Amino acid sequence: MNELQYSSAELMIINAARLLRDGDVVFVGVGQPNLACNLAKRTHAPNLVMIYEAGVIGAEPARLPLSIGDPTLVSGSLSVVSMYDIFANYLQRGNVDVGFMGGAQIDKNGNINATVIGGYDHPKVRLPGSGGSQEIAAWANRCYIMTPHQKRRFPEKVEFMTSAGFIGGKGDREKAGLRGGGMLAVVTDIGILEPDKTGEMILTALHPGKTVEQARENTGWDLKVNAELRTTEWVTENELRILREELDPTGIYLKGGG
Amino acid sequence: MTKLVPLSEAIAVNVNDGDVLYAAGFTHLIPFAAGHEIIRQRKRELTLARATPDLIYDQMVAAGCARKVIFSYMGNPGVGSLRIVRSAIEQGKLEWEEYSHFGMITRLQAGASGLPFLPMNQIGATDLEKANPNIKRIPDPFGGKDVIVVPALNPDVAIVHVQRADANGNAHLWGIIGEQKEAAFAAKKVILTAEEIVDESVIRSDPNRTMIPGIVVSAVCHVPFACHPSYAQGYYDRDNEFYLAWDKISESAETTKQYVEEWIYGVKDRSEYWEKLGAEKHRRLKVPQQMSEPINYGQY
Numbered sequence: 052m053n054e055l056q057y058s059s060a061e062l063m064i065i066n067a068a069r070l071l072r073d074g075d076v077v078f079v080g081v082g083q084p085n086l087a088c089n090l091a092k093r094t095h096a097p098n099l100v101m102i103y104e105a106g107v108i109g110a111e112p113a114r115l116p117l118s119i120g121d122p123t124l125v126s127g128s129l130s131v132v133s134m135y136d137i138f139a140n141y142l143q144r145g146n147v148d149v150g151f152m153g154g155a156q157i158d159k160n161g162n163i164n165a166t167v168i169g170g171y172d173h174p175k176v177r178l179p180g181s182g183g184s185q186e187i188a189a190w191a192n193r194c195y196i197m198t199p200h201q202k203r204r205f206p207e208k209v210e211f212m213t214s215a216g217f218i219g220g221k222g223d224r225e226k227a228g229l230r231g232g233g234m235l236a237v238v239t240d241i242g243i244l245e246p247d248k249t250g251e252m253i254l255t256a257l258h259p260g261k262t263v264e265q266a267r268e269n270t271g272w273d274l275k276v277n278a279e280l281r282t283t284e285w286v287t288e289n290e291l292r293i294l295r296e297e298l299d300p301t302g303i304y305l306k307g308g309g
Numbered sequence: 468m469t470k471l472v473p474l475s476e477a478i479a480v481n482v483n484d485g486d487v488l489y490a491a492g493f494t495h496l497i498p499f500a501a502g503h504e505i506i507r508q509r510k511r512e513l514t515l516a517r518a519t520p521d522l523i524y525d526q527m528v529a530a531g532c533a534r535k536v537i538f539s540y541m542g543n544p545g546v547g548s549l550r551i552v553r554s555a556i557e558q559g560k561l562e563w564e565e566y567s568h569f570g571m572i573t574r575l576q577a578g579a580s581g582l583p584f585l586p587m588n589q590i591g592a593t594d595l596e597k598a599n600p601n602i603k604r605i606p607d608p609f610g611g612k613d614v615i616v617v618p619a620l621n622p623d624v625a626i627v628h629v630q631r632a633d634a635n636g637n638a639h640l641w642g643i644i645g646e647q648k649e650a651a652f653a654a655k656k657v658i659l660t661a662e663e664i665v666d667e668s669v670i671r672s673d674p675n676r677t678m679i680p681g682i683v684v685s686a687v688c689h690v691p692f693a694c695h696p697s698y699a700q701g702y703y704d705r706d707n708e709f710y711l712a713w714d715k716i717s718e719s720a721e722t723t724k725q726y727v728e729e730w731i732y733g734v735k736d737r738s739e740y741w742e743k744l745g746a747e748k749h750r751r752l753k754v755p756q757q758m759s760e761p762i763n764y765g766q767y
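So the sequences go chain by chain: A and B.
Under the working numbering, the residues of the first sequence are numbered 52 to 309, in order.
Under the working numbering, the residues of the second sequence are numbered 468 to 767, in order.
Since the hints were derived computationally from the structure, they do not count as laboratory data.
Chain A stretches covered by chain B per the calculated footprint, using a threshold of three residues with CB under 8 Å from any CB of chain B:
1) 100-114
2) 125-132
3) 180-190
4) 210-220
Here are the simulated DSS-like cross-link-like pairs (lysine-lysine), alpha carbons at most 25 Å apart as the crow flies:
5) A:K175 - B:K715
6) B:K715 - A:K306
7) B:K603 - A:K226
8) B:K612 - A:K221
9) A:K175 - B:K597
10) A:K208 - B:K597
11) B:K535 - A:K175
12) B:K560 - A:K175
13) A:K226 - B:K597
14) B:K612 - A:K226
15) A:K221 - B:K597
Bear in mind that the values here come from a model prediction, so they are computed numbers and not experimental data.
Glycine included, each C-beta is placed from N, C-alpha and C at the ideal position.
Take these sequences, add in the hints, and give me the full structure.
What follows is the structure, given as structure tokens:
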């Protein structure tokens with residue numbers, strides 16, 4: 052039995068970090084994805100190359116970046132390029148292994164809505180919009196997302212498809228000529244969803260102490276459960292220490308469900 | 468020939484009601500001083516284009532300068548919602564036109580290169596393409612998959628802030644270089660504001676760092692600290708506290724109006740604004756030096 056106490060945000064960040072491989076080139080967002088990447092770099096993936104949307108390659112932030120264009124990303128980085136170059140030469144050309152996504156909704160086929168709730172022309176809630184996410188979703192080799200497991204965030208079909216997962220099902224990405232592998236893992240505070248052979252997101256892992264019922268109750272479609280359901284490894288003291296003491300000492304992104 | 472003028476004159480001469488304006492800078496070097504001067508001069512019916520409208524356009528929309536926004540990510544970076552632009556859109560009071568970042572920047576790149584449009588690969592999600600008639604798909608004439616095309620964006624005026632420029636507008640900038648170069652070449656007129664005005668010899672000492680040549684610049688203005696609450700790499704830090712504070716200020720029309728009155732109409736220019744911020748703020752935004760290794764161009 053593990054005695055460590057941790058927040059939902061810490062649980063998701065640590066599990067997302069474990070998905071990264073040494074040597075991966077990762078397109079990083081601020082907040083939780085930034086913490087996951089920096090944690091991976093300080094544990095099992097020291098050769099991780101972090102790319103930020105603002106055009107920074109090989110960033111080694113000395114302090115916690117508070118925006119995507121934080122100057123701490125620039126000082127000491129490997130390269131800084133224009134926005135056109137980051138999207139054309141890095142993403143479109145296929146030089147990015149992993150993209151971390153964000154968004155208000157993710158559906159059964161791993162598609163993301165970050166644009167609008169209600170109709171587009173007369174929005175009930177206007178969200179920020181794509182930013183770089185539609186290109187990351189299309190062209191990074193592997194996409195991941197961290198999100199609290201709540202029914203409203205997991206509709207069967209997104210109201211507006213900002214970024215493509217498997218669109219209507221597997222095969223649709225190939226038809227559109229998308230080079231990347233699509234949404235390969237949704238890390239929630241209950242477990243992990245991964246695509247099955249048809250491009251449907253199914254429950255493949257539970258965090259210790261969580262149940263299939265909790266996952267199904269908080270998903271907006273009839274969530275399938277993988278025949279071989281894993282339990283994720285316990286959060287370790289070392290992972291929590293790095294997050295709390297080195298990366299986010301004031302707990303800006305570590306508290307709550309994220 | 469010197470193009471040095473006060474910022475108030477540059478705005479009065481070069482920005483007209485109804486213009487399409489592009490205030491450049493992706494989270495870095497955002498030209499807030501020029502935005503505030505446009506508000507003070509009560510310019511109206513502007514189309515405000517920027518990848519991220521950021522606080523600069525939130526304030527200009529609040530002050531009644533805008534008819535329309537063109538954007539690709541409408542948030543308060545690192546904080547959350549961009550309340551004023553968002554609620555104006557939700558209430559149907561502001562026109563908008565939307566792209567992804569790549570779509571937006573590709574429009575500028577086409578404009579900067581003198582092309583009518585530029586292609587991008589498909590991204591699979593087609594809802595924005597359906598919502599925006601400016602995003603079209605055409606066959607690849609060489610037999611590949613269809614490509615997505617967007618039209619050139621050629622703003623009437625681009626405003627670009629840089630770390631240093633000479634009096635002709637030859638400009639060095641470094642740090643996050645976003646879309647400044649593309650905006651400058653795409654626009655019909657360019658207003659350049661600079662932390663420092665330097666002798667031409669300083670520019671000539673490091674020509675690879677010249678992102679913007681004087682030949683495309685209409686006016687050069689010496690405006691130190693022009694970017695606050697954004698930042699200038701190596702000169703001063705981003706004021707994250709203010710980005711958080713704006714989230715509260717912009718919650719109500721009353722507090723927004725108070726801010727605009729006190730900090731924009733209530734000051735004459737950027738230098739008065741900077742003084743008003745006070746010594747404690749100046750101290751907190753100060754950045755310790757970290758110099759690059761010099762390079763050798765060679766004497767030929």
